[in-house]
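Chemist: Which chain is which? The protein sequence lines are A and B, in order.
The numbering used here numbers the first residue of the first sequence as 1 and each following residue consecutively.
The numbering used here numbers the first residue of the second sequence as 1 and each following residue consecutively.
Derived by calculation from the structure, the hints in this document are not laboratory data.
Quick reminder that beta carbons are idealized off the backbone N, C-alpha and C, glycines included.
Warning: the hint list may mix true and false statements.
Pairs of lysine-lysine, DSS-like flavour, derived with a Cα cap of 25 Å [said to hold, decoys possible]:
1) K139(A) / K101(B)
2) K76(A) / K101(B)
3) K76(A) / K95(A)
4) K95(A) / K394(B)
5) K401(B) / K76(A)
6) K406(B) / K394(B)
7) K76(A) / K123(A)
8) K76(A) / K406(B)
9) K76(A) / K39(A)
Covered stretches of chain B (in silico footprint by chain A; criterion: 3 or more residues with CB under 8 Å from a CB of chain A, positions within the stretch not fixed) [unchecked claim]:
10) 3 to 11
11) 532 to 541
Below are the chains, spelled out letter by letter.
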Amino acid sequence: MTLIPLGIPRRLLEFTIDGEPVRAPEGSTILDACRSVGKDVPTLCQGDTLTPKNACRVCVVEVEGARTLVPACSRKAEAGMQVQTDTERARHSRKIVLELLASSVDLSTTPEVAGWLKEYEAKPDRFGPDAARLNEEPKIDNDLYVRDYDKCILCYKCVDACGDQWQNTFAISVVGRGFDARIAVEHDAPLTDSACVYCGNCIEVCPTGALSFKSEFDMRAAGTWDEPAQTETTTVCAYCGVGCNLTLHVQDNEIVKVTSPHDNPVTHGNLCIKGRFGYQHVQNRD
Amino acid sequence: MDLHFGDSKPTDEERAAIDALLGPPESSWEGADRSDADLRWARGGREARERRDLLLPGLHAVNDRIGWISEGALDYLCRRLTVPPAEAYGVATFYAMFSMKPRPATVLHVCTDLACAAAGASELCAGVEARLGLGSGVAVERSPCLGLCERAPAALAIKAGDPVRTAVSAPATVERAVLAASSPDSAPEEPSAALAVPQAAEAGREELVLLSRVGVVDPASLDDYRAHGGYTALRQAFAIGPAGVIREVTDAGLVGRGGAAFPTGRKWQATASQPDHPHYLVCNADESEPGTFKDRVVMEGDPYSLVEAMTIAGYAVGAHKGYLYLRGEYPRALERMEHAIGQARARGLLGDDVLGQGYAFDIEIRRGAGAYICGEETALFNSIEGYRGEPRSKPPFPVEKGLFGKPTAENNVETLVNVLPILTMGAQAYAAIGTGKSTGPKLFCVSGSVDRPGIYELPFGATLGELLDLAGVRKRLRAVLLGGAAGGFVRPDELDIPLTFEGTREAGTTLGSGVVLAFDDTVPLPRLLLRIAEFFRDESCGQCVPCRVGTVRQEEALHRIVGRTGADAAPDIALLREVGRAMKDASICGLGQTAWNAVESAIDRLGAYE
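Whenever a hint applies, use it, and build me the whole structure from the sequences.
Modeler: And the structure:
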């Protein structure tokens with residue numbers, strides 16, 4: 001049985017989205033409200049179990065009376081608010097933001113983004129062949145996971161997950177400033193010299209594949225990664241008595257990665273190094 | 001949290017620098033040698049974490065003494081404050097004045113920004129770099145605006161040690177800058193702050209309200225300040241009470257002078273009425289807008305006025321602690337403010353019982369470390385708290401959740417010092433100055449192609465032409481940049497624009513923080529625009545995509561069209577417009593929202609690429 005925490009009853013706010021009257025519980029964001037009426041707004045940095053950072057600015061919408069566009073993922077809905085999700089102004093910003101992102105990093109492993117680029121007619125190439133981008137080789141300094149900075153959009157989700165919102169390890173942060181800002185551990189050291197405890201919770205939240213399992217990275221490099229062919233099986237971790245749910249991603253009868261359901265009340269998507277990476281014994285057939 | 005520290009150890013000197021700020025460590029949990037007792041108890045936790053705001057002062061302590069911040073020093077500081085090293089590394093790398101790599105003890109910052117560029121900064125840089133090559137023991141760094149625009153070109157030498165030595169060279173020649181860098185102690189003293197107020201020497205100071213004491217009082221003497229009318233405003237404040245002060249400020253129509261023009265009375269009222277406590281007052285003295293130097297001159301020439309004004313503001317909003325966030329590039333302002341605050345404290349004008357009125361208030365100075373973005377109010381809070389100087393999203397607004405998550409009123413230096421005349425002359429008399437909607441006197445920082453650059457005080461409503469006449473504008477004026485890099489250009493035929501918030505808005509431009517940078521036709525406009533783009537690319541905090549990537553794409557496009565006009569430039573100008581519009585609409589804070597303004601105005605109003 002999955003427990004669903006109900007919380008205390010909340011007041012309903014009335015406002016409009018694209019002219020349609022909407023009722024949403026107090027405290028919900030514009031994005032929550034949009035999704036509750038079946039309208040989705042694209043977003044990259046929003047995470048279902050993390051406080052929205054609103055850094056990617058893909059989800060901007062127009063709110064009557066606001067000087068600038070507002071991020072739907074973090075702006076709380078207010079009674080009487082008039083939200084427009086699909087105006088020319090909002091679409092223009094979304095298109096440019098997608099172009100800026102796609103021109104500066106590799107979004108090839110980011111789910112859904114190809115569709116958005118098409119929908120908003122974004123043309124990242126128009127900044128010219130000399131447009132600055134990271135173009136950095138992936139960092140492979142341990143056997144568990146790979147950091148591919150060329151795919152990093154600086155959404156801050158891994159920082160929040162490693163820090164006070166999930167793991168409390170504080171091994172990673174944003175360093176530097178502006179276009180040179182990047183995710184790093186202390187002193188920009190290899191991961192093995194850092195405070196990292198290899199829980200892999202940062203991989204769990206990474207929206208672009210900049211952080212990935214070494215297994216996935218190797219299979220992608222070899223051209224054998226085949227997501228549609230994978231099955232997912234959720235089970236209970238056998239290492240200790242906490243009862244974390246593991247979702248085993250299996251391809252060709254081999255576990256290729258492990259995630260955890262975010263709506264699970266035990267883990268909320270979190271795992272430790274054993275649950276996340278300690279699966280080799282399962283398939284050691286010698 | 002389970003903190004992990006590497007094996008790097010601080011040197012004795014690094015340890016001494018940090019201990020001088022924080023005191024000696026109390027246990028091995030904080031980095032002392034381990035004793036038997038340490039094995040039986042754990043220290044740190046909440047108490048230590050609450051000192052996180054000492055991270056920035058700690059980084060300054062090391063950087064000041066050693067000249068750069070080593071792994072061992074950073075780890076030791078982290079142990080002392082229970083800060084994760086990764087986060088502290090993220091903070092230290094955020095600021096331009098800190099180095100995480102070994103560098104010479106002396107760094108010479110040579111300003112390359114707008115006013116200095118127009119006064120020959122590139123030749124100065126080349127000359128200085130030729131003289132101070134490898135092995136000279138001096139690192140030469142090209143710097144954004146140093147806030148010495150009235151004496152452009154400018155250089156600032158900082159020599160690490162105990163104590164740190166600084167020397168300002170402005171106007172700088174290659175020889176003088178090299179001398180300042182090689183022996184900061186023997187460099188000639190900076191000219192008096194009064195020289196930055198040419199108006200006083202020319203027409204007398206009767207009409208000056210805000211600048212009336214600059215050059216008249218001894219900035220080191222509290223008695224002199226009192227002899228010139230100091231502390232009458234605070235007495236008046238105590239006479240009418242906090243609500244009375246807010247009423248006077250509201251009736252006077254005072255609005256913020258930092259650029260956003262928000263009504264100060266409303267901000268104070270909103271802060272004062274918050275049920276959450278404590279309340280804080282923050283004075284934003286981080287003016288880093290290229291072309292701005294007014295706050296520096298006020299703090300150097302009349303430091304007690306700011307102490308008094310902060311005390312009044314603190315009293316009005318119900319704060320017992322005020323933070324003065326002073327930009328790191330202002331050594332003399334820092335020294336004068338430190339002295340003034342110390343004197344005021346010694347004389348009972350700050351402390352537990354201000355003026356014997358039973359009101360407790362004190363001021364703490366926090367030094368910035370080279371980040372334009374920290375002038376944004378919420379980024380400034382993060383910076384004080386020991387986090388990266390990234391702006392927060394609003395709402396919630398600072399009056400509700402500001403510094404340390406508590407109700408906070410933040411005002412810049414010029415806004416605060418306006419409170420003194422409001423209380424001494426009364427709201428009505430104050431509101432009679434200026435226009436109906438923009439009341440009071442206003443400070444303008446005039447530099448560039450003028451004979452008498454400096455700060456000018458005029459009632460709101462004077463025209464741009466009148467101001468430039470006062471400053472002795474030179475012939476063949478090509479353009480005027482109003483409001484600094486985040487402002488906009490106007491043409492020489494638009495000099496009748498009234499200098500008011502509503503007047504500039506009507507003319508499709510902005511008053512911003514009061515910057516007036518005049519450029520004659522010897523200044524190559526495309527090069528100037530490129531410098532503005534470079535500035536924003538360098539100063540973007542990198543948090544949101546439109547600003548982080550947009551400022552780079554903007555600079556790239558401007559590089560492509562340097563030397564091009566008409567149809568050759570048109571596709572890139574169209575691209576700039578599209579990107580600029582998204583930056584204005586979708587960036588988190590004012591930096592990204594205004595980064596395209598000056599370039600846009602140069603294209604539209606000056607026909608920069610026609």
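Chemist: Does each hint fit the structure? Answer for all of them.
Modeler: Here's how the hints hold up against the structure:
no.: 1; hint: K139(A) / K101(B); in the structure: 22 Å, holds
no.: 2; hint: K76(A) / K101(B); in the structure: 43 Å, violated
no.: 3; hint: K76(A) / K95(A); in the structure: 24 Å, holds
no.: 4; hint: K95(A) / K394(B); in the structure: 24 Å, holds
no.: 5; hint: K401(B) / K76(A); in the structure: 16 Å, holds
no.: 6; hint: K406(B) / K394(B); in the structure: 14 Å, holds
no.: 7; hint: K76(A) / K123(A); in the structure: 32 Å, violated
no.: 8; hint: K76(A) / K406(B); in the structure: 20 Å, holds
no.: 9; hint: K76(A) / K39(A); in the structure: 17 Å, holds
no.: 10; hint: 3 to 11; in the structure: holds (count 3)
no.: 11; hint: 532 to 541; in the structure: holds (count 5)
Taken one by one, the earlier hints fail for this structure at numbers 2, 7, listed in ascending order.
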